[in-house]
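Novice: Next come the chains, spelled out residue by residue.
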Amino acid sequence: MFPTPQTTRRSGSRAIYAVLLAVALAFASGCSGERADNTATPGAGGETIRLQGAGATFPNPLYQKWLSEHGKLNPQVRIDYQSIGSGGGIQQIQSQTVDFGASDAPMSDEDLKKAPGAILHIPTVLGAVVITYNLEGVAEPLRFSPDVVADIFLGRVKRWDDARIKADNPGVALPATDISVVHRSDGSGTTAVFTDYLAKVSPEWKASPGAGKSVDWPVGIGGKGNEGVSGQVKKTPNTIGYVELVYAVQTKLPVALVKNKSGNFVAPSLDAVTAAAAEMLATTPPDLRVSITDAAGATAYPISSYTYILVYKEQKDAAKGKALVDFLWWSIHDGERFARDLQYSPLPAEIVEKASAIINSITAGGKTLRGA
Amino acid sequence: MPTLPTPTSAYGARVRAWDWRRALSPTGNTGDAVFRAALFGCALLVLLLVGAMIAAMASNARLSLREFGFGFLTSSEWNPVSGQFGALPFIYGTIVSSLLALVISVPISLGVAVFLVEQAPRRLSRPITFLVELLAAIPSVVYGLWGIFVLAPLLRQYVEPPLQKWLGWTPFFQGTITGIGLFTGGIILAIMITPIISAVVRDVLAAVPVTQREAALALGATRWETTRVVLANGGPGIAGAIILGLGRAIGETMAVTMVIGNRAQISASLFEPSYTIASVIANEFTEATEAIYLSALVELGLILFLVTFIINAAARLLVWSVTRGTSGTARA
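These protein sequence lines map, in sequence, to chains Y and C. Here the first sequence stands for residues 5 to 376, where the numbers follow our numbering. Here the second sequence stands for residues -14 to 317, where the numbers follow our numbering.
Quick caveat, the hints were computed from the structure, so don't treat them as lab data. Some hints here could point you the wrong way.
As the list claims (entries may be wrong) - Some but not every residue of chain C turned toward chain Y, in silico, with C-beta under 8 Å:
id	residue
1	N64
2	P138
3	T242
4	T274
5	A276
Cβ atoms here follow ideal geometry from the backbone N, Cα and C, with glycine treated the same way.
Build the full structure now, drawing on both the sequences and the hints.
Specialist: Here it is, written out as C-alpha cells:
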C-alpha cells in the first residue's frame, strides 16, 4: 500500500493568508481601544473650536459623558479626550501638545517647574481604591485596620487566620490558609493612591517600597489593569487585591471595610469618599493639590483621592481659552450630576467653590476669560 | 613619464561608467535595472529601519546606560520609587518562558504537521489545517484573558498539584500553587506558537519530494521510518519554523503579562511568578515620567533586541553546523 502524502497542495499561500489575517486582526484589536469617531467634522463655516485633552484613564468614562453632553449644548465646540494614563497627561500638557491634561495624582513641584508656564489643577470628581478578596465561606464583608492592610501587603501578615485579622473580624470563620497578594503590574494612579495611603499609615511601608505609580512590591503577583487584578482575585482562592471603586461596584466584587483615622470601619461608598474630601478641607491648600488618603472624620473612607484636569493659567488663544474655561465651569457645576450614575463621587460644595475661583483666574493675553 | 589619457578614451570611459543601466544590470536592459534598483531599495529600507531603531533606542537609553553601566545586566533590583533598575530578572523570565514554550510546542507542532502531511485523509486534513491557522489569528489579549479565567484555574486544580506531588523534589516544581507564574506563561506561549510552527513545518514537509517517500517505502521502510526520512530532509526548514516560533514567543506581550505574575525575581521554580522584558515595558511605559525610569525601560527594549538577535544567531549557527554538507534539502 502506498501512503497518500498530499504534497501538491497550494499550502504556502494559505500560510500567508493566515499571517495576513492575524495582522489584520491584530490591527483591528489594537485600534478598537481608541474612539472611532476621531475623524474631524468640519463645522459649517469652519468656526468650530477644537480642543484636545489627554491623560488619566480612571475618569475617562465620565469625561466622555461630559464631552458628549457638553457637545450637545455647544455644537460649535468640539473636545476630544484620549485616555492614555496620568503620566502621559502630565507629559503632554508639559510639552503643550494638548489643551488640557488630566491626572489622578497632582503634579509634583518638580513636574510643575518643567512646564513652560504656570499650570492649574482643577479637581473634577473623586475616586476611591477598595480592597477586594476571595475567601470561600465568608459572607460578611471583612474589616481591616490600616496597619494590618500594610502588613499584609508587606508580607508580614501571611495567613488569613492571623490574630490581628481575627481581632478586627470577631465571629468570622477565617480559613487557615496562606494569603495570596495580588497587585497592579502596570503603572497606575490606583497604585499611587493605594501606596500613598499605606505610606501614611505604616512607617515601614514608607521606608521600604514607598509610594508611587509602580513600586517594588515585597510580595504577591501582578495583574495588568483593574481587570487583571480582579480576574486573578476572582479565580484564585484566598487572594487579596485592590481595585478602583468604580470597577468593584460594576463587577460586584466583595469589598472590605477599612478603619479610618477616627477609628470607624467605613465601607467604600460614593458619600464616604466625598466625606473624606470634605473632612480634609482645613488642610487643603489654595491650589487644591492635596492627598486626601487617611482622612479623619467619622464617615470618611480613608483610601480616596481627587482626579484633576490640568490647564495653563495663561491661555495662548483667547477663543480656545474661552471655550476651555466654559467647559471646565460647566463640568464642575452642571457636569457633576452625571458623576453618581457612573460611580464617581461628586466634589464637596466648598471644593466646587474653590475650583470655580481657580477657573476664573485663567487668562488670555492678561485678561480673564470669565467674569469673576 | 605619465601620459594623459586621450580625451576620446576618457570620454568613452565616462560614458560607460555613467550608464546606470549597465551598472545595475549586466544586459543594460532598462526594465531589469529599475527592477533591481527597486529590490535593492527594499532590502536597504529594512537595514535602515533596524539601524534607525537601534540608534534611537540607544540614544534614548543614554541616561540609563551612563548611570548603571554593565551593572544593569546583572542587577536584580527594579525599584521605580528609589530609581534603581536592573534587567536580570526580566532577561531570565524572557528566556525561560520562551524555551519552556518551545519544549512544549515543538513536539506537538511536529506531530500536527506530520499527521496533516503524511497520515490524514484529505477531508480531515483540510478542516484541521484551517483550524490550526485560525488559532494563529486570535489576538493575544484574548489568549491572555482566556489564560486568567480558564487556563490558570485549570492548571491550579488539575495539573500543578500532581506535578508537585511527583516532581516536587526537584527545584522546578516547588512553592505555592496559584496557577499564575512562569509555568502558565510558558504554556500560553506554547499554545500561541504551535499554529505558526506547525503551519510552516507542514509546508516544509509538503515540499519534500514524493519520490523520497516512494524510495523509502520501496526499500521496505515502515511508515515511521519513512516519516523519519522526510523529517530529516526537512531539517533546515523545520529549524527555521522553530526559530520563527521562538521569535514570536520572545516578543509576545499581552498574553504573557496576564498570566506570568509580573514579579521581578529569579526563582528556579516554574510555579513562581516571573516577568518578561516585553511585559515590563508594556506595563510601565505609559506611566513612567521620570527621565531615568523611562531611559531604563528603553534600555530594556534594546536588550530585548539583543537577546532576540543572539538567540536567532545561535539557532542559525546550530542549523548550519548540523546540516553542513547535506544538500538538496527542502527549506522553509
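Novice: When the hints from earlier in the document are held up against this structure, which numbers fail?
Specialist: 5
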